[in-house]
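Chemist: Chains as they are written, first to last, in the numbering used here: chain A, -13 to 226; chain B, -13 to 226; chain C, -13 to 226; chain D, -13 to 226; chain E, -13 to 226; chain F, -13 to 226.
Hint data in this document are derived by calculation from the structure and do not stem from the laboratory.
All values reported here derive from a predicted model rather than from experimental measurement.
There's no promise every hint is true.
Pairs involving identical chains hold if they fit within one copy or between any two copies, as the list cannot separate such chains.
Unchecked claim - Derived pair list, reagent style DSSO-like, types lysine-lysine, alpha-carbon separation capped at 27 Å: (1) 196 with 217; (2) 68 with 91; (3) 196 with 91; (4) 197 with 217; (5) 137 with 196; (6) 226 with 133.
Protein chains: 6
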Amino acid sequence: MRPSGRNPDQLREIKFTCGFTRHAEGSVLVEFGDTRVLCTASVDKSVPRFLKGKGEGWITAEYGMLPRSTHSRMGREASQGKQGGRTMEIQRLIGRSLRAAVDLKALGEHTITIDCDVLQADGGTRTAAITGGFVALSLAVNTMLKKKLIKTNPLHGQVASVSVGIYNGIPVLDLDYAEDSSAETDMNVVMNDGSAFIEIQGTAEGHAFKKSELDAMLTLAEHGISILLEKQRTAIDDHK
Amino acid sequence: MRPSGRNPDQLREIKFTCGFTRHAEGSVLVEFGDTRVLCTASVDKSVPRFLKGKGEGWITAEYGMLPRSTHSRMGREASQGKQGGRTMEIQRLIGRSLRAAVDLKALGEHTITIDCDVLQADGGTRTAAITGGFVALSLAVNTMLKKKLIKTNPLHGQVASVSVGIYNGIPVLDLDYAEDSSAETDMNVVMNDGSAFIEIQGTAEGHAFKKSELDAMLTLAEHGISILLEKQRTAIDDHK
Amino acid sequence: MRPSGRNPDQLREIKFTCGFTRHAEGSVLVEFGDTRVLCTASVDKSVPRFLKGKGEGWITAEYGMLPRSTHSRMGREASQGKQGGRTMEIQRLIGRSLRAAVDLKALGEHTITIDCDVLQADGGTRTAAITGGFVALSLAVNTMLKKKLIKTNPLHGQVASVSVGIYNGIPVLDLDYAEDSSAETDMNVVMNDGSAFIEIQGTAEGHAFKKSELDAMLTLAEHGISILLEKQRTAIDDHK
Amino acid sequence: MRPSGRNPDQLREIKFTCGFTRHAEGSVLVEFGDTRVLCTASVDKSVPRFLKGKGEGWITAEYGMLPRSTHSRMGREASQGKQGGRTMEIQRLIGRSLRAAVDLKALGEHTITIDCDVLQADGGTRTAAITGGFVALSLAVNTMLKKKLIKTNPLHGQVASVSVGIYNGIPVLDLDYAEDSSAETDMNVVMNDGSAFIEIQGTAEGHAFKKSELDAMLTLAEHGISILLEKQRTAIDDHK
Amino acid sequence: MRPSGRNPDQLREIKFTCGFTRHAEGSVLVEFGDTRVLCTASVDKSVPRFLKGKGEGWITAEYGMLPRSTHSRMGREASQGKQGGRTMEIQRLIGRSLRAAVDLKALGEHTITIDCDVLQADGGTRTAAITGGFVALSLAVNTMLKKKLIKTNPLHGQVASVSVGIYNGIPVLDLDYAEDSSAETDMNVVMNDGSAFIEIQGTAEGHAFKKSELDAMLTLAEHGISILLEKQRTAIDDHK
Amino acid sequence: MRPSGRNPDQLREIKFTCGFTRHAEGSVLVEFGDTRVLCTASVDKSVPRFLKGKGEGWITAEYGMLPRSTHSRMGREASQGKQGGRTMEIQRLIGRSLRAAVDLKALGEHTITIDCDVLQADGGTRTAAITGGFVALSLAVNTMLKKKLIKTNPLHGQVASVSVGIYNGIPVLDLDYAEDSSAETDMNVVMNDGSAFIEIQGTAEGHAFKKSELDAMLTLAEHGISILLEKQRTAIDDHK
């Protein structure tokens, strides 16, 4: 039995509130159950130095947790003077994952920065951030098209992400904090709308996992991601 | 005429959403029109070194803006490796203001940290943070009383804050961004429920201000703060 | 009775030693009693990035305390790797206050940096820094005029500053450390030579202050500042 | 054809030079072809704060590249004042992977720090670091047993790692720099000697990968790791 | 001919103003011509961790230059977030030099911190800092003896320092900035009152120097230091 | 008797392994007994800002110790966020010493960075780094000549370095760690192949040293350096 009473292959309640804040070119509050992440996409007419003059754009991401998004208060990274290793790891993952959906040439010399800020954490913040980050990115692209900053849509597909794991010996989908903190294996999967993998990051916490367990987890992930991709489309279309 | 069409002595729409996030002992989303600040109060059973063994508690505050809470994206302080001078100035102000309402002896050896994170900025974020911070603090104190962490209520009054300024030659209350960015004088006033001043910070931006202008601004501030104090009481009572 | 035996409306002995060091375009040691601050004004033929190509200049300030300028030794900010919040707050205040006296267009594309370094502290270092900083700035402007770096004097007035407070229930002028550390209210006032306010920063330490107390303090401040402005003029004229 | 002329399932030449430096409790220079990483294991009689008093030990890792281990010189992280995101990500991976082989209770209150410093890079430095890090760890454990710091061997298995990828459409084992920099997919796999997975980190660089490609890569990885495990055993035994 | 018209073996005018600031246990403004360094000695009843419980004391030094102590303004190290290599090198030198005159056992568990802050620079700031630092240290030791913090004088000798160099082919004593910036060789010598060397740091700037040149420079240094030692004694005695 | 059984005027075994790593334009592993330093020279087609457009080149050095190059593990400077004072002091010394052998005009607008990384420490790492650094520099210059990046050899001589000291009252050459940690006096000497001094840095650890002791140490240093210069020439010639 899962603590939440969900079936092993059941996602938490998924919700996208597009336009949650008004300044960003794209903005969405994504909720995976009690995990709530504010994703904004900001368009800038410049590119990092290594792309200057190449006629290509860039997608980058930053991630943060509000100090009391968690059960006990964490120190604020800004006042500690640096981002921790976990933060860096996650924001690199978000950036890589979203770039996989973008034709950077078609984006022209623009940088889109995806900020993913966790307002409330209950497990799976990085997968929610990728899934919501794609929505924010799409909204920003729509804004760019409307403003004629670009001529063609640089998105050549969708990207979504979910966690899977082995909890009490059973493969489960979309772990919440109660499951995450005691799972034997934890895996974050990023896929596109062509049923192909963009990132797989699996970690054995308690015991190493067998190939059969991996296969079971990936099947769950594909199932969950197909639902997330559908919900992304609905959210983006409804906001037009 | 004010850009928003408000009267000179009119506040923006004020809204408190208590319990906006669930982990903190006290949590509120405060809105002054389009300015939205998430304030959480976190209780910790320890005190800073300079208070160790004195039987007293401490109230401290931290302030941050999400990178795209503003019109154009600001760099994230965590990735820049330090908090800017404006951030430090504001969080010191919030901490001092809220401590003025607390009997630190009655708090016992607890630290309450007030985190004020700006989700969306439209002028007056620091006054919203103080006003909302007091609500979060009150909610946390109520939690402590319920959990019997303390015996008596350490709050000996209320604290609220509003900005006033001279805009187009006329003293106005609660400036939004459009006014703030072109005001000749900008003043942040913090008062308690005894109609006395806790902090006054006035800055001449365009021209120096006369004593008569100061008096007019303070009258507006007192008026605005009396309304805010009333709304704080309602919000706190409704959340019990 | 004040610890120093002064009357409530009496400044400490004020002294300006112009040309205290020889490299800076403007240099003065300002003394408010035992508080001694070395202020230098350095002229640079460049401007910050946000002013590039606008034909305007800039005034900025930095503030520091020598580690043993205080009763007990403070850590050196350079070795701690960052400036504290108080330092940032003060240097921002000095810069804003002095810019209020300058026509930045007339300054042309020059930056003048005012360094205020406290050699010995006995309360009121920020007000001494502003008052001395204005003298250093004036001397630097005179140097620029002599060297024909600028054609017209960009200073359109004078700026001086003093602290006032409520000590033992009585409003007093120019608090020294003994008073400052136990005052109920502490207020720093910056005014120009037109009797108008440039900055007011008042903080209730012990109890919140009433409007009548505020008025009494501001009257004292205006009195003290009129004397400081007179002494500034004498010092600058004597150094020509 | 692979640039090196190797077969798709062929490792580079693997070499362990145990005792490469003399101060560390365990030290090995590991070579995967031209990739050379110096791994040392340092034993300390203390544990991180979160483990104090629990009777358990800890394994942690740090990773660095010498500035000119790479084709063009990289900035030195020590002089840049911080470790980059890639460095943090890798050292967290090394630590997690090696902890999976250790019974931390049996280690007692000791911390073993694995330093992995890349002397020369030619692709696959993180997998070489994990594979060599395990050897350094084993040597240090042998030293501890000899010095009677611990009574029983806390290692309950072996850990090794290799990269696999899709290069020119073909799954290949143990990518060198020439392959790595143009591979479509890059995956780092960490396994134990029970043929189970400890970490899988796969990234689509050029195109997303299908489940069938994933399976092919994992088969290659298992093959390569079985050889690495054998070579680890020989190296450790020969050094006794 | 030296730019200042001095003879090759002539010191600049040397001046010690003891008690220049009033909070420190020892304070002196030392002047070597136009080079002016404020040296304070601060006594603290604690020792660094590596000396805890050994019954010994410690002497340490910190060094800084005010931003406009120099011909053109230098960035403030506190705002740059770190001390430069030159600063660290100098403060390590001052600390080592002064420790050579102290019986750390006799000092008991006290730390004396010597802060050397350059108010005005004209060459030779580090030698002035050491020479003045010894005076500040002596004054602090006298204060400690008077306050009965220690029973016996822990100073077993005097320490002074001067620079020597080859300027226009001729060995000269106590280089000022005009000489220093174009000298072929620059050497800082620290000696005690037993005519023995504590530190020698010689650097060939233009051409490497011969043993005969070294000998000539050391003879000059010994001559200069004997005068400085005499002036130190007078200054310390006069301040009693 | 020396702990190693060497005669007072005897160097440790000296070894240069040229081409130790393959990416750098010049690379050598230098060994002074058990002290092993990897020196690489990296050529870059740019110069620091202060040399832009002057047609001159620059030589700079960086120094680091691997965390477990020492008897007990030292913290990694990259993870501590800054280089310590000792590191900065040493890399400045290496840079100055090597620049003394180079005609920067003949180098053209190139920067050569010498990285000296200590793999294993047993005393005298800085003198080994200078001596090996010169070899790496020479190899890089040879590479530049071969690639026709420069026309003439900018090296106008050789530079080598050794330590000398007073150990148990006797002057000795090339101290190892056992001697270094208990020597009364420690001196690092840098000389060129014209028997002239480039740097002398002598420090009295236990007692101040007399002129006669200084002379004895310098004689030893000259003897040792003449051997090192010979070995440098052989190593460089053999690598052609």
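Chemist: None of the hints should be skipped; say for each whether it holds.
Modeler: Outcome of the hint check:
1. For the identical chains of this complex, residue 196 and residue 217 are inter-copy neighbours only, at 23 Å across copies versus 32 Å inside a copy, given an alpha-carbon limit of 27 Å.
2. Taking the shortest Cα distances, residue 68 and residue 91 never come within 27 Å of each other, neither inside one copy (33 Å) nor across copies (32 Å).
3. When the C-alpha separation of residue 196 and residue 91 is checked against a cutoff of 27 Å, the pair qualifies only between copies, where the shortest distance is 25 Å, while the shortest distance within a copy is 41 Å.
4. Taking identical chains as interchangeable, the C-alpha atoms of residue 197 and residue 217 lie at most 27 Å apart only when they sit on different chains, with a minimum of 24 Å there against 30 Å within one chain.
5. In the homo-oligomer, the alpha carbons of residue 137 and residue 196 never lie at most 27 Å apart, since the shortest distance is 48 Å inside one protomer and 31 Å across protomers.
6. Taking the shortest alpha-carbon separations for residue 226 and residue 133, only the intra-copy value of 14 Å comes in at or below 27 Å, while the best inter-copy value is 48 Å.
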